[in-house]
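Asks: Take each chain as given, in its own frame, and dock them per the hints.
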Amino acid sequence: MSITRRTFIKATGAGLAGLALGRLGLDLGPVRAYAAGLKIEGAKEVISICPFCSCGCNTLVHVKDGKIINIEGDPDFPISGGGLCAKGASLKSLHISPERLTKPLYRAPGSDKWEEKDWNWMMERVARRIKDQRDKDFLQKNAAGQTVNRVETLFHLGSSQVSNEEAAVLHQMVRAFGIVHFDHQARICHSPSVPALAECFGRGAMTNHYNDIQNADAILIMGSNAAEHHPMTFKWALKAQARGAVIMHVDPKFSRTSARSDFHVPIRSGTDIAFLGGMIKYILEKKKYFADYVLDYTNASFLVGEKYSFKDGMFSGFDPEKKKYDKSAWAFEKDADGKVKRDPTFKHPRCVMNLMKAHYSRYDLDRVSSVTGVSKQDLLRVYEAYTATGRPDKAGTIVYALGWTQHSVGVQNIRLSGLVQQLLGNIGIAGGGINALRGEPNVQGTTDHALLYGYLPGYHSTPTATYQTLDEYLKAYTPVTKDPMSVNWWSNRPKYVVSLLKAWYGDNATKENDYGYSWVPKMDPGVDYSHLYIFDRMYKGGIKGGLCFAHNPCQSIPNIHKVRKAWDKLDWVVIGDVFHNETTDNWRRPGVDPKTVKTEVFLLPSVYRAEKDGTISNSGRWHMWHYKAVEPLGQSRNMGEMFVEIMNRVRALYAKEGGAFPEPITKSDYPAKFDAEAEARRINGFFTRDVKVGDKEHKKGQLVPGFPSLKDDGSTTSLNWLYCGGYTEAEGNLSKRRDLTQTPMQAKIGLYPGFAWAWPMNRRVLYNRASVDKNGTPFNPDRTVIVWQDGKWVGDVPDGGYPPMSMEGGKYPFIMTTEGHSQLFGPGREDGPFPEHYEPAETPLVVNPFSKQMHNPCMKVIQSDVDVLAKNGDPRFPIVLTTYSLTEHWCSGSETRNSPPLLEAEPQQYVEMSPQLAQEKGLKNGDVVIVESLRGKTEAVAMVTVRIKPFKVAGKTVHLVGMPFCFGWSKPKCGDSTNRVTVSIGDPNTTIPEYKACLVNLRKADKVTEL
Amino acid sequence: MPKAFFIDTTKCTACRGCQVGCKEWKNLPAVPTKQTGTHQNPPDLNPFNLKLVRFSEHMDKNGVVSWYFFPDQCRHCLEAPCKQASSVEGSILHDEATGAVIYTEKTAQEDFEVIHGACPYDIPRLNPATKQIVKCDMCIDRVRANLLPMCVKSCAMGAMNFGERADMLKMAADRLASVRKRFPKAQLCNPDDVAVIFLVADEPKKYHAFAVAEGPQLLTRKQVLAGLASPLRRAARTLRG
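Protein chains in written order, with the working numbering: chain A, 72 to 1082; chain B, 39 to 279.
No wet-lab data here; the hints were simulated from the structure.
Check the hints yourself; a few may be wrong.
[Claimed, not checked] Simulated restraints, written as ranges between beta carbons of each label pair:
{"id": "1", "chain 1": "A", "residue 1": "Asp189", "chain 2": "B", "residue 2": "Val126", "range": "52 to 60 Å"}
{"id": "2", "chain 1": "B", "residue 1": "Pro67", "chain 2": "A", "residue 2": "Val598", "range": "48 to 56 Å"}
{"id": "3", "chain 1": "A", "residue 1": "Ala818", "chain 2": "B", "residue 2": "Arg218", "range": "24 to 32 Å"}
{"id": "4", "chain 1": "A", "residue 1": "Lys995", "chain 2": "B", "residue 2": "Glu117", "range": "41 to 49 Å"}
{"id": "5", "chain 1": "B", "residue 1": "Glu241", "chain 2": "A", "residue 2": "Lys995", "range": "21 to 29 Å"}
{"id": "6", "chain 1": "B", "residue 1": "Pro67", "chain 2": "A", "residue 2": "Ala179", "range": "33 to 41 Å"}
{"id": "7", "chain 1": "A", "residue 1": "Lys447", "chain 2": "B", "residue 2": "Glu252", "range": "43 to 51 Å"}
All residues carry an ideal CB built from backbone N, CA and C; glycine is no exception.
Just chain B, with the same shape it has in the complex (with noise of 0.2 Å):
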């Protein structure tokens, strides 16, 4: 039965122990970073870091604040593009028990500009040293063991979830109905192609330029080298600045 994550992000806190926990089940090293202004920190995914809580801040024309949180990673797609797109027999693997899709150390082989632009979330990494191809693999190591992926494990406030896609999709759904009364525009982020559901309270964008795809997510090769060039990329790309 493929797995799926439901997070709700409007019961994230940003305590970031989904950060940090990923980082120390993973044994991932520390990235040297600075204060820039913001708590948002290292300021992108990067080899080391493929979970990162990212934080936006906004104010409406009432001085209303809104202060989003968004504990960004992959999103182990039902039909990954980056698998379609991979020219490497055995780098990308989508593990049918679980839903997880693997990036393996044959990553290294593949083209990153290749990889890295058919995923609409902005979600692989290159790794410098090892020239390997890196993101989240959903703790595959735990998952497989009947243990929660450590982000989920770590997060107390409910916002991370974990469990059969059936179940997940419920939740999402029931949550979403609840929320809709505080939050009108709260919606799923691509729920249909994703097993990374994200709930949002306003509009995507505002929690991530990347939070939602926009283009259609059944993309052939051929179309994802094309869509390199895309205006959807382009137009995403723009909006991250």
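Chain A on its own, in the form it takes in the complex (with noise of 0.2 Å):
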């Protein structure tokens, strides 16, 4: 083990240890009096992790007489390397922030005013609300007579920057309430990637993670602002960039990305489809691609059947009516056998390149400068650049995050990347990969844990109503292959999911009852009960009361004035968060009078991340703990604590009076107090009985070694089949791992696989299977992830621990799609198996130059009297603006906004336009503008710069503005939410929100209020 900072403190036991520090030389000199007295020296210094970015930053915390001094970043944190953004390197004065909420508060109804109240007065009543509203509301059967014993005036939102174990905690009670309107921020920023990425390589996240970015020879940072954002991030582009990699940077504003970029390239929001869409015609038509690699690991030779086609912008299997396409009508060819019929000649004009090759046709360059707005030169540029990657000793990266999946076809633009990098043979390898940058530090984890209303935790479909029996639901999720030599992993499904529900119901799941399948709530199908639909039913007044958990919503949903009026219709609601912000406060919020909102608000105080332990998984999956440093600050509470007294509330309360279908919460196997530590041995799982597997005997009770141990007959629990594995009896708590021993060859890529734990198995690179050729010889031995040797696989853990191809017992290398091949062709979206370029719901055009078909055909629009959108083309509102955020603020800002030294260095709210623009609009930089919509409108201070410019669209100008969308009320003189002015369309896949591209007009302000 390589000798570390930390491994000293491991050794010490508790994860932190005294500071005593050698002086540099004796005499101190003249200096002394203010070289002396280092305030850490003799402080406890304890292993924390940033709660911002999905970096997941370890930190150092230092305290002294249990206070917190100091706070930096942990030197031996293989992404860091000690280093913090300006959000980071605040956390001191977040932590002992006066703005803290400290203590329970109370809002009764009508009131003015706060009360503050004892957490014993707060936790019997929010106990007593939840029982109450779901008894009066609760639904055993649906409108079809069929069962589905589920609750829907009751909601939970938020909750992603919570723990991995708070997460598990935090599921089970929803599921037990029976609540179906279950969502968290993964949906409103990265929702998409999980069915884009799955579609393509069976998995939904980062296929690499950041140090790996180093690895590249071209880095495509495209629909992200990578160093503004996920700053470190940058560490390892920059790193690449010193190596020779050229950093190509695509976006429609120049930000501080761009500025350290070999190049910029601006496009107009909206347009990526059309942009990649070129570059795959480019590819396919000088023969950029790694051949040997498509042929034998992606689909481009199935052959796709003959219902299939595509004409003007619309695939084949379209009901108008349903606004839906009926996906059988893009299934793939099959043999008599069931196999998948293929053509490796590519000669078949059905077989998946000659398709794609036919759809791409149209995406010339002309067509596709004029819809992006990006010059045939710069298209290009870029063009040439990322392709010379698809040889097999180049490695080219694409990095995106908000840029694309927040828009209408937000799940379509991360599919395009997926086709580029499959065509490039650039997933698998070093330096390769579609590195999604997830949003907060455990929105990864929290996604896996799945606190949203689609998934049960570890990627199975929450049941519908459709199927009212295990079997009928493990058959219908259950994918089969007749092909012998694909893994198809999911196979596995129905052990992982019969351990998740032996984990929550414990021995009162039995094979007799299908382990409580019938507790778990089931859903309508084809029902949406994700952000945009609660908040419009909410609105409409069919959600009464629920608990909303460190999330914004009052600031952070597109069309906010809607969703604000929405909160006042709640007749009740439990938050719980670290400040006061838009969503807490929103009962006083500027024009409204307090005394017209009947809500009735319990604000429970939170801990903040250095008064907690657990942990948090960063974007590439790192498991990792985080040690609690200090006491809560006042009365805080963490929220694992909030959820296990609330659901034990609820419990109780059903033990003694009985109720709606008390059943799953009073046979739910739920901890009577909340430990991190316990809670993260819940998650790996358990043997419930003696069991003896292969030559291994495992004991009841014992931790269960890894998932593949994992049984659908009862004899194991897993409160999530993909982090089994990370705690073991052997090893222990292995996300507290600080090891930095690196094989040479692993060191070469900066894989680290001793710190801290990558799910699945301490896999660092995903899909690394497809990094060597049929024989397991790397396609790069410079730059070599696994390597067969010798009978094994060496390097990362390999992805499918099977022989290489093309020997016996050899298996295709992409273990999760069904057919052991990654997707060109992917049949199972919403809005086609090929993406194609459709306008935003509001664009500046009135012809789509691709097709008839102006927006995605089936993307999701919310009806209310206050949706409104413009026209094509809207004269009245004809600039493009485009939302996001910047390093100083997180998210909503509602955090950020109570850090001194974040808010001085990013004040106010603001719209960066071109000087083009400013001088139609007889603008000055720093004039005050009101920027409007046909929903709202916002006053923001006018940034005139060069970084933006207008764009050439379809032969006409289009301006566009950007605007972050952090700053709001509850801060005075910040200005107001920037989704004031945006609109409430999803995707159809997920229903992420199209909060990059709406219409907008802008004047100089005659009046300021805001700022």
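Replies: So, in structure tokens, the structure goes:
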């Protein structure tokens, strides 16, 4: 084991140590008075993790006399090397902020003030509200008479920041209550990543990890401002650049990312598919693809059935009334044995390769340039530089974030990057992949734990009323292949689902009662329970009360006027947070008389990160433990304790009083008290009886060594199969590992397999079986991820431990897709098997140059009196608005606006615009302007900058402006939510809102009221 | 052995970890700011912001945009003009072990205009409450305890570096040679005179009016006093606007 500062700490046992520092020289001389008295000398030093972006930077928290006196980066953390961006650097101020919530606060209906209450008073009432609402509105059957066992008037929102352990107890509680309106921040940030990446490769996560970006030869940052929103990404991009890699930034505005990239290419927001479609055409025509990879590892040679067609923007199978496709029209053609037919010669007109060629033949430079506003020269500059990685010895990585997800074509934006990477053979290799920069530090983990209505923990679809028994459900969701070379890992799904049910219901889950399957609430098929619909139903009076933890929807959801009014209609709401924000205090927002707001608010003060322990999973799936450094401030509590107490109090009420369908609550195997360590063990899972697996014996109560040992016979539990193997009898809690040891081969690519633990099974580079040829030899021996040596794989944990494809027992490399191949043609998404360009819901164009179909035909359009859209090319609103984050604030800004040094650096709402637009509008830099859409208006300071340029689109000039979304009214003189302007339009697959493009106009403000 | 900083602006992404890290370590209060049409905030160094990332954007005649970031701070001059201009014993110290130039509480007795005027980099600021003159102290408390200055510790990009002067000079020279292939105008700012060596990719003035000192570095106290009205400083002030 390498000796690090942290290994010393580990040896002391508690993850902390007194600091004893060697002095530099003995004689301090005249500066003695100024150099002595280092404030952290003798301080307790504790490892924690920054609570902002998904880099998950580890921090050192220095504590004296029980108080935090300093927080700085952990030099042993491989991703940051001890650095922190502005947000992380301000963590001390945030932890000790006088603005922190430190006491439970109660706001009575119609009241104009908060009242301090004790925890017991609050929790008693919270439990009562939940039980009464549930009993009143519990729905045992749906309109079709199917058993559903759910409650629709309750909701749970948020919690993407909680630890994995808190997420696990929360999910269990929410399902026990029967809540289906259950959604968290991934919905509005990265929900498209899961279905897009999973459709391509089988899993929905970032394929590689932060350090791995250093191995790239070309880095395409598109739909992301990585240097600002995930700052550590750029450390590794710069390392690659120093090696000679080219960094390209394709984005509507020139940002801090563009500043250090090799070049920046401005693109009109909402036209990424046109841009990348042009790249596909370029790759195919110029034969830039990695031919062996495409033939052997992708589904390029698969034959698609005769029912598939594409005409003038529409795929076959569309039902115009339902605005839905019948996806069976896109099925692969199978032979008599049920195997997919293939044509390795690529001659068959219906092989995927030829259908793809035909589809993207329309994406010629002229048309792409005309739609995107990117010059042909710039298009070619990117195409040439990036497609040069379509060789075995070159790696290209694509880095994206919300610039791709937050569109009505969010999933297909990402899907298309998957097509590019498959063609270039860039998946599975070091320096390759699609690096989805997830949002909050644990939005990856809390998505894995599925704090989202559509999944159970571990990416199992939430059952719908269609599947009344466990068998029916498992049959529907367990894929089958007839190809013996395909691993089809999801064939193991029954083991994971049964182990989950066993973990939820303990001894009450038996084979005879379907392991409690009937206690899991069932959704109605085809009904959307996500954010936009939750707020629409709330606005229309259909939702009465709920829980909202660490989320600020009254600031961060589009068309916010509507959301704020919807929130007013709640009878009661329980909110857990660290600071006041626009949601906690919605009842006293500007322009509203609190007397008119009937909502009863229970505001529960939460601890901040360094006041609790547990794990988070960063974007690279690193599962890392953070330690509690100090006691909670004031009376604040960690959310795990809150969830567990709420559940247990509700359970006690049911035990005493009975009520509607109490079984899911009373039969739960649920902890009496929250303990992160114990919960981490429950997540991993146990054997429920003595069993023998192979020649290994496991005793009842022992930890399961990894998910390959999970069973569907009730002999194992696991709250999340993905994390099974992360806490073992042999090695303990692997998320605490701090070992920086690497073999020379691993060190060459910066794998760090001994630092913390990564799901699945500590695999650091997903799909790494595709980094080697059919004989197990790395395509690029200089940057080996895995290699078959002496009859075994060495390097990273292989993605499927089977022998290489050419050998006896060899398997295809993409073990998570049904047919073992990555999918260029993806028949499973709502809006088509190939990504196609459609204009945003609000567009400055009147014609889509690619087809007669203007918008995504399946996009979710919320219908209400206040959900209005500008016409295509609306002359009243000729300017495109895009919205974004910046380094100094995080998401809605509800935390970071409370950090004095951050607010000092970025104090107020602004709108970035080109000098040309400013001139047209008679504005100068620093003027306050009104930015207005059909839905609302907002004040902002004009930032007139050459970093924004007008676009030439379809022969005319189109202006674009950009605004951050982090400023809100609860911090005076900051400005207010940009979302007063944005649209309630959703992607058809995940209903992520289209924050990134809408139409506005702007003018100089006559009077300034918000800034 | 004297220490030095090497600040490679070609790696700076203006994440402002240094600006905030400095304030946090030193418990400096925030100053009220407004958005005025730039990301640079506070607008300038002040008694509570001893480290400030300066932003400057440019567009060339071909429409190519550059955005330069300059994490400004005291240069800890090898022969500090401010110290030479000092008239109060013990108000400005030059720590031999580290090379840090340290302002003490006795600066309250100095003529601020003289000290400020002596600085070719426009660094010293007057705390109106204490009357003390303040600036970066190289985190002398940390450095003497073998820790990196907080701004350097915060920098993840590798833009801020700190170490033995000889090592930093070598790092700077190597990096300059490598960067020149992409940026022919790249240069080091007054490397022979200061302990805080900036590498810029373009003309220093495009980063900050006071990025480099244009005059001779070694001034006598008399010259410094005379220099208050010198054309050089006037020129620099004009540039700053």
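Asks: Decide, hint by hint, whether the structure agrees.
Replies: Going down the list of hints, with the structure as the test:
At about 58 Å, the beta-carbon gap between Asp189 (chain A) and Val126 (chain B) stays in the expected band of 52 to 60 Å. Between Pro67 (chain B) and Val598 (chain A) the CB atoms are about 52 Å apart, so this pair conforms to the stated range of 48 to 56 Å. The given range of 24 to 32 Å is respected by Ala818 (chain A) and Arg218 (chain B), whose C-beta atoms sit roughly 30 Å from each other. In this structure the supplied range 41 to 49 Å holds for Lys995 (chain A) paired with Glu117 (chain B), their Cβ-Cβ distance being about 44 Å.
Glu241 (chain B) and Lys995 (chain A) have their C-beta atoms about 26 Å apart, which keeps the hinted 21 to 29 Å range intact. The hinted window of 33 to 41 Å between Pro67 (chain B) and Ala179 (chain A) holds, with their beta carbons roughly 37 Å apart. Checked against the hint of 43 to 51 Å, the C-beta distance between Lys447 (chain A) and Glu252 (chain B) comes to roughly 44 Å, which is consistent with it.
Hint violations for this structure: none, all hints satisfied.
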